[in-house]
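Peer 1: So the chains spell out like this:
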Amino acid sequence: KQEVTQIPAALSVPEGENLVLNCSFTDSAIYNLQWFRQDPGKGLTSLLLIQSSQREQTSGRLNASLDKSSGRSTLYIAASQPGDSATYLCAVPPFGNEKLTFGTGTRLTIIP
Amino acid sequence: GAGVSQSPRYKVAKRGQDVALRCDPISGHVSLFWYQQALGQGPEFLTYFQNEAQLDKSGLPSDRFFAERPEGSVSTLKIQRTQQEDSAVYLCASSRDIYQETQYFGPGTRLLVL
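Going down the list, the protein sequences come from chains A and B.
Numbered by this note's numbering, the letters in the first sequence go through residues 1 to 112 in order.
Numbered by this note's numbering, the letters in the second sequence go through residues 113 to 226 in order.
Because the hints were derived from the structure by calculation, they are not lab data.
Any given hint could turn out to be false.
Beta-carbon label-pair distances, calculated as ranges [as the list claims (entries may be wrong)]:
# : chain 1 : residue 1 : chain 2 : residue 2 : range
1 : A       : 41        : B       : 164       : 29 to 35 Å
2 : A       : 78        : B       : 164       : 41 to 47 Å
3 : B       : 163       : A       : 13        : 40 to 46 Å
Each computed DSBU-like pair below joins lysine-lysine, with the alpha-carbon atoms no more than 30 Å apart [said to hold, decoys possible]:
#  : chain 1 : residue 1 : chain 2 : residue 2
4  : B       : 126       : B       : 190
5  : A       : 42        : A       : 1
6  : A       : 68        : B       : 169
7  : A       : 42        : B       : 190
8  : A       : 42        : B       : 123
9  : A       : 68        : A       : 1
10 : B       : 169       : A       : 42
11 : A       : 1         : B       : 190
12 : B       : 123       : B       : 190
13 : A       : 42        : B       : 126
14 : B       : 126       : B       : 169
15 : B       : 169       : A       : 1
Residues of chain A clear of chain B, computed beta-carbon distances all greater than 12 Å [stated by the list, open to error]:
#  : residue
16 : 8
17 : 15
18 : 26
19 : 67
20 : 69
21 : 72
22 : 74
23 : 80
24 : 85
25 : 109
26 : 110
27 : 111
28 : 112
For every residue, glycine included, the Cβ atom is placed at its ideal position computed from N, Cα and C.
Chain B with its partners taken away, still in its complex shape (with noise of 0.2 Å):
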């Protein structure tokens, strides 16, 4: 079946610039995770949510990041006023259910601020 997609796979943006990146999880997986990984890094936790609820957002870097999942699938992350350090590839990622499964990651969206 499909996996996690994201969208758009590359982003430049200007420095100051809101961009909204896209997760598409697997169908029926309730946990999604965002993710940020710097250039020769491991990822970094960003945010978590179960179903439609925000459980943990302790990751997000700043008041800047926003993220959603209002109708428990699709989620967006949200960065405003992009600033040269949030340059980096956001991962997305689902898991089936809440009883610590396996997660499934997506392809990434590669930002890069200028």
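With the rest of the complex left out, here is chain A (with noise of 0.2 Å):
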């Protein structure tokens, strides 16, 4: 069974920094990974897919690393802003199967 895990489970920085948040999996048969932001009260936002064959993806200051063969992903946000607090949750579907596995998510406060 797949078992997706994000360390910390909590992380507070101030204004401005870079950061990482990390993410391993035990199951490398993975199609893709997939990086969501949820906000309190709100259903999730896709941040960034990577598929199964990539090493990253890239989207403004997010970036997203892929490593099938050691069960990780990072998501790196750069020069972070009070905007980007919020949960992020990491998540895999297997071959041939759509649903999704998901972390238990880092909880994100940037401090202004």
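Join the two chains, each given in its own frame, into one complex according to the hints.
Peer 2: This is the structure we're talking about:
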């Protein structure tokens, strides 16, 4: 059974700093890896999707990397802003299936 | 365009009541998913539809949970004889087709069973 872990569970950093969020998964037979953000009381917003054949994906200040063999992904946020404060979740679907297995998330707080 | 919508946004039920949660996916999206999110946890998969066909219901926690999507668009998740442990946020997501596309999530329905 796939297990997805995100460490740390919570992170606070001053505005302007660069930061890295970590995600690890136990079964490397994945089709892709997705990063989402969740704001309090709201649904999930897709940030980045990395196909299993890719090593990284970038969108604005966000960069996600994927190392399937080691079962790890990182989300790099450059020049953090207070609006980046949210819970960040990573999720993976197995081959042949679309259902996502989520980590428990990292709650990020950017201090103005 | 319009995103995924869910109703009601909040539902309070007495233990033993039946509830029905509605999901309107993005128009034309083939795949539809239901997830359950407990407080402080990541979402957990419940069930998955491809058009009107329910292809995977392995995540439904008991036979009190039932989902349908009769015309391949709107979906309803029904919970019979609700229990306190059913209290959670129920999230619906849709994706464009069957080829591992990004899933777009609705705002969720927060269910509280007293």
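Peer 1: Each hint needs a verdict: does it hold in this structure or not?
Peer 2: Now the hints, each set against the structure:
Checking the proposed 29 to 35 Å range against residue 41/A and residue 164/B shows it holds: the Cβ atoms sit about 31 Å from each other. One distance hint, 41 to 47 Å for the beta-carbon pair residue 78/A and residue 164/B, holds here, with the actual separation near 44 Å. As the Cβ distance of residue 163/B to residue 13/A is approximately 44 Å, the hint placing it in 40 to 46 Å holds. Pair hint residue 126/B plus residue 190/B holds up; C-alpha atoms about 15 Å apart against a cutoff of 30 Å.
A hinted pair counts as satisfied when its Cα atoms are at most 30 Å apart, and residue 42/A with residue 1/A qualifies at roughly 28 Å. Among the hinted pairs, residue 68/A with residue 169/B is consistent with the structure: their alpha-carbon atoms are about 28 Å apart, no more than 30 Å. Straight-line distance between C-alpha atoms of residue 42/A and residue 190/B comes to about 21 Å, which keeps the hinted pair within the 30 Å bound. At most 30 Å may separate the alpha-carbon atoms for a hinted pair to count; residue 42/A and residue 123/B meet this at roughly 15 Å.
With a C-alpha separation of about 16 Å, the suggested pair residue 68/A and residue 1/A falls inside the 30 Å cut-off, and the hint holds. Between residue 169/B and residue 42/A the CA atoms are separated by roughly 25 Å; this keeps the pair inside 30 Å, and the hint holds. Between the alpha carbons of residue 1/A and residue 190/B the distance comes to roughly 27 Å, so the proposed pair stays at or under 30 Å and holds. Distance restraint check for residue 123/B and residue 190/B: the Cα-Cα separation of roughly 13 Å lies within the 30 Å cut-off, and the hinted pair is therefore satisfied.
For the hint linking residue 42/A to residue 126/B, the alpha-carbon distance of about 24 Å falls within 30 Å, and the restraint holds. As the CA atoms of residue 126/B and residue 169/B are separated by approximately 26 Å, the hinted pair is consistent with the 30 Å bound. For the suggested pair residue 169/B and residue 1/A, the alpha carbons sit about 16 Å apart, so the restraint of at most 30 Å is met. Once the 12 Å rule is applied to beta carbons, residue 8/A is consistent with being away from chain B; the minimum gap is 14 Å.
The Cβ of residue 15/A lies farther than 12 Å from every Cβ of chain B, with a closest approach of about 26 Å, so its non-interface assignment holds. The Cβ of residue 26/A lies farther than 12 Å from every Cβ of chain B, with a closest approach of about 15 Å, so its non-interface assignment holds. Distance check for residue 67/A against chain B: the nearest CB is about 19 Å away, which clears 12 Å, and the non-interface claim stands. Once the 12 Å rule is applied to beta carbons, residue 69/A is consistent with being away from chain B; the minimum gap is 20 Å.
The Cβ of residue 72/A sits about 17 Å from the closest Cβ of chain B, beyond the 12 Å cut-off, so the non-interface label holds. Distance check on residue 74/A: its Cβ is at least 17 Å (rounded) from any Cβ of chain B, clearing the 12 Å threshold; non-interface status holds. With a cut of 12 Å on Cβ distances, residue 80/A stays outside the contact zone with chain B, its closest approach being about 22 Å. No Cβ of chain B approaches the Cβ of residue 85/A within 12 Å, the least distance being about 17 Å, so the stated non-interface status holds.
The beta carbon of residue 109/A is kept farther than 12 Å from every beta carbon of chain B, the shortest such distance being approximately 15 Å. Every beta carbon of chain B lies more than 12 Å from that of residue 110/A, the smallest distance being close to 20 Å; the non-interface claim holds. No Cβ of chain B comes within 12 Å of the Cβ of residue 111/A; the nearest lies about 22 Å off, and the non-interface call holds. Remark: the non-interface label on residue 112/A is consistent with the geometry, its nearest Cβ contact in chain B lying 25 Å away (cut-off 12 Å).
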